[in-house]
Amino acid sequence: MNKLKVSTQIFLYVALILGAVGMLIPFLWMAVTSIKQPGEVFSTSGGIQWIPKHLIWHDAVIDGEKIRAWWGNYPDAWKEVNLFRLYLNSIFVACVGTIGQVGTSIMAAYAFARLQFPGRDRLFLAYLGTMMIPGSVTMIPVFVILKHIGLIDTYSALIIPGMFSAGGTFMLRQFFMSLPAELEDAAKIDGCGYTSILRQVILPLSKPAIATLTTFTFMGFWGNFMWPLVVTISEQIRTLPIGLSYFVGLHLTNYTQLMAASMMVVVPVILLFIFNQRYFVEGIKLSGLGGR
Amino acid sequence: MSVVNTKTAPQKGRSRRRGNKAREALAAYGFLMPNFIGFVVFTSIPVVISLLMAFTEWNIFKSPVWVGLTNFKSLLGFHREAGHLVANDPFFWQYLYNTIYLMVGIPLGMASCLIVALMMNQKIKGVVVFRTIYFLPSVSAGVALLILWKYLFNPEVGLLNQVIRDAGEKIFSTPLLSIPFTIVCALVVGATIVGVIAAVFAFLQWICEKLNLLWPENLYRVLMIIVGAAIFVLIGVYGRSLFFGINSFMSTPPDWLGTVKWAKPSLIIMGLWGGLGGMNMILYLAALQGVPPSMYEAAEIDGAGGWKKFWAVTWPMISPTTFYILIMSIIGGFQSGFMTARIMTGGGPAGSTTTIEYYLYTNAFEKFNMGYASAISWFLFIVVFILTLVTWKVGGKVVTYE
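Protein sequence lines correspond, in order, to chains A and B.
Using the numbering used here, you'd call the opening residue of the first sequence number 1 and step up by one each time.
Using the numbering used here, you'd call the opening residue of the second sequence number 1 and step up by one each time.
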């Protein structure tokens, strides 16, 4: 590609910056609202308030009005939503589930990609076929099964059904197939068994694929809404999205607290993303390879 | 898993190989076992149970009763009532319409993603910064963002309506601003409509060429001239009412999520914002980066301009990606709308934002009509299956693979 004309460059920058502003404004509004006084949200006269009227470090009385510190909504929301518990639950469920899914996927993908056994191709086809089934088809029976075993409203119900994925297996299998077979042969001659081949040859070479699968699986567990809603009853084991949604139901118009809670949920994820965005981008590209 | 015995290999080659084979198969089954058990317990068996459940009436508390095709009849069937055909479950058809309506966002989203990707694919600095910012909604997607948008859409205190009201007040206080503003609005709207129709025609022409159907040389140009002229004549004729329409819209902006008319467009707008720089944009960006520069150079030598280059080189080269995004979006579209309905609208007003997925959930886990819900899920499955097959068949002919 040759160099762009200056006018084209300026046009591109203006368009991209306008778009970026559009992307950021809702987030900015969330941040601004979260540090406003609870009543301030409802006074719409005098235009849009991008800067809160009162920004003070400690609670105080100004003109006979009780004014709270700018960070005041945060501890309130933290306690009200029980965010600590929700975070713990979400982290626990997402970590265990991700380890499980990535682990089982690695093992199955290795078998499909590198080992010969009767019925391999047919079984793999069956795996592929199930990837098209909508989640809602299996959701109801799995719920019924778990209810029969008495696992509803437990961490197991949140974690175990998500630990097995045809999609993850498929993605890793495609990646393993692309690795050169010579290294493996060399390891075999050196007397390595299958487990050590997988551990010492395949896994070190597949770090990017595994990292992306891990990222995506984790995000899947982290953001999952429908399934946890279906299988949790008690407050003690709710994950973040569920807890937050109940909080909305109870405090429909408490916007400052709602926004403070949303900030505390969104900001850590955004920070994580900014530091690991390579894996996101690579993962999306990998997942899109099916289209090429 | 011990050392291969090379000494005995020459004599006992065959049996050793067979033994190796058996050992390999055994190891393979071992590796597969955890995933396979999960696959059977959480996918295969549930699919069978689900199919059986679709033919039963079951509210979880009593034991299921086999009712044959009753669920499907009441879901999809019609009956006569006072001489008219009436759907057995009119809600289902309304929700199906909602689901499909909301998928209007798919082509709009794909087009905007492609435009953003084309801009980011240019040689300019700071692309990573832009990409990160545009991706933020996708990474933080979830309950928190829906809460945020519910607040933004609030008719009284929401940011969106505050902006519209403030701007409207300023603009319509003087004709010096309001008349030019109306003209700009009209031009933007007209150009957008013409652009969309142009893209549709170009797409049709391209498909016709691929399928070897007749497409007269000048048809595109003639059609575009007619459409363009018609739209701008219309805008000219209705300029006055457009002026007053914009004025009243801006002084009393709608209750976005609270009115049947605006609820679905609002959700589409939110979806466009969320998807602008998301997965699909990244996929497009990757596809654009994969187009060899030599092809552009060749097109330039042939004297192709920007527009021509796009249709002759870029569009065919990224068509597999377009095809992939389209299929995945349609499949996803039929299964979407649960979270927005649950958190933002409750499916309302008047059921106008209830999708099939939300209907399924309420049937299964609020009314405990497990059999009926299973029938809905199988309807979804069959639709997704047919769509995938059809797009695959058509796509195979239309899409250019490298």
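No wet-lab data here; the hints were simulated from the structure.
Hints are supplied without guarantee of correctness; some may be wrong.
What the hints assert, rightly or not - Below, in silico cross-link-like pairs of lysine-lysine (DSSO-like), each with a Cα-Cα straight-line distance of 27 Å or less:
1. Lys264/B with Lys5/A
2. Lys170/B with Lys53/A
3. Lys125/B with Lys264/B
4. Lys210/B with Lys308/B
5. Lys285/A with Lys21/B
6. Lys367/B with Lys73/B
7. Lys5/A with Lys123/B
8. Lys5/A with Lys73/B
9. Lys309/B with Lys125/B
10. Lys73/B with Lys62/B
11. Lys285/A with Lys73/B
12. Lys210/B with Lys393/B
13. Lys285/A with Lys123/B
14. Lys5/A with Lys309/B
15. Lys207/A with Lys188/A
16. Lys367/B with Lys62/B
17. Lys147/A with Lys62/B
18. Lys147/A with Lys367/B
19. Lys79/A with Lys207/A
20. Lys367/B with Lys123/B
21. Lys147/A with Lys188/A
22. Lys264/B with Lys188/A
23. Lys210/B with Lys367/B
24. Lys53/A with Lys66/A
25. Lys285/A with Lys367/B
Claimed, not checked - Label pairs and their in silico Cβ distance ranges:
26. Lys62/B with Gln49/A: 31 to 41 Å
27. Val41/B with Asn82/A: 42 to 52 Å
28. Leu28/A with Leu26/B: 52 to 62 Å
29. Leu26/B with Leu203/A: 20 to 30 Å
Values in this document were obtained by computation on a predicted structure and should not be read as measured data.
Glycine included, each C-beta is placed from N, C-alpha and C at the ideal position.
Do the hints match the structure? See the list:
A threshold of 27 Å between alpha carbons decides the hint, and for lysine 264/B with lysine 5/A the separation of about 41 Å lies outside it, so the pair is violated. Between lysine 170/B and lysine 53/A the CA atoms are separated by roughly 23 Å; this keeps the pair inside 27 Å, and the hint holds. Proposed proximity of lysine 125/B and lysine 264/B is contradicted: the alpha carbons are some 38 Å apart, above 27 Å. At most 27 Å may separate the alpha-carbon atoms for a hinted pair to count; lysine 210/B and lysine 308/B meet this at roughly 17 Å.
This hinted pair does not check out: lysine 285/A and lysine 21/B have alpha carbons roughly 36 Å apart, beyond 27 Å. With a CA separation close to 19 Å, the supplied pair lysine 367/B and lysine 73/B stays within the 27 Å bound. A threshold of 27 Å between alpha carbons decides the hint, and for lysine 5/A with lysine 123/B the separation of about 11 Å falls inside it, so the pair holds. Proximity of lysine 5/A to lysine 73/B is assessed by CA-CA distance (about 64 Å); at most 27 Å being required, the pair is judged violated.
Annotation: proposed proximity of lysine 309/B to lysine 125/B holds, straight-line Cα distance about 23 Å (limit 27 Å). Restraint check for lysine 73/B and lysine 62/B: satisfied, since their Cα atoms lie roughly 22 Å apart, inside the 27 Å limit. Between the alpha carbons of lysine 285/A and lysine 73/B the distance comes to roughly 43 Å, so the proposed pair goes past 27 Å and is violated. For the hint pairing lysine 210/B with lysine 393/B, the CA-to-CA distance comes to about 13 Å; that is within 27 Å, so the pair holds.
Distance check on the hinted pair: lysine 285/A and lysine 123/B sit about 20 Å apart at the alpha-carbon level, within 27 Å; holds. This hinted pair checks out: lysine 5/A and lysine 309/B have alpha carbons roughly 17 Å apart, not beyond 27 Å. Straight-line distance between C-alpha atoms of lysine 207/A and lysine 188/A comes to about 21 Å, which keeps the hinted pair within the 27 Å bound. For the hint linking lysine 367/B to lysine 62/B, the alpha-carbon distance of about 14 Å falls within 27 Å, and the restraint holds.
Annotation: proposed proximity of lysine 147/A to lysine 62/B holds, straight-line Cα distance about 14 Å (limit 27 Å). A threshold of 27 Å between alpha carbons decides the hint, and for lysine 147/A with lysine 367/B the separation of about 17 Å falls inside it, so the pair holds. A distance of roughly 40 Å separates the Cα atoms of lysine 79/A and lysine 207/A; the hinted pair therefore is violated under the 27 Å criterion. Taking the CA atoms of lysine 367/B and lysine 123/B, the gap is about 56 Å. The hint is violated against a cut of 27 Å.
Straight-line distance between C-alpha atoms of lysine 147/A and lysine 188/A comes to about 47 Å, which puts the hinted pair past the 27 Å bound. This hinted pair does not check out: lysine 264/B and lysine 188/A have alpha carbons roughly 60 Å apart, beyond 27 Å. A C-alpha spacing of about 49 Å is found between lysine 210/B and lysine 367/B, which places the hinted pair above 27 Å, so the restraint is violated. Taking the CA atoms of lysine 53/A and lysine 66/A, the gap is about 13 Å. The hint holds against a cut of 27 Å.
Of the pairs offered as hints, the one joining lysine 285/A and lysine 367/B is violated, with about 41 Å between alpha carbons and a cut-off of 27 Å exceeded. At about 57 Å, the CB distance of lysine 62/B to glutamine 49/A disagrees with the hint of 31 to 41 Å. Restraint check, valine 41/B to asparagine 82/A: a C-beta distance of roughly 33 Å breaks the suggested window 42 to 52 Å. Against the hinted window of 52 to 62 Å, the Cβ-Cβ separation of leucine 28/A and leucine 26/B comes to about 59 Å, which satisfies the hint.
Leucine 26/B and leucine 203/A have their C-beta atoms about 21 Å apart, which keeps the hinted 20 to 30 Å range intact.
Violation of the numbered hints given earlier is confined to hints 1, 3, 5, 8, 11, 19, 20, 21, 22, 23, 25, 26 and 27; the remaining hints are satisfied by the structure.
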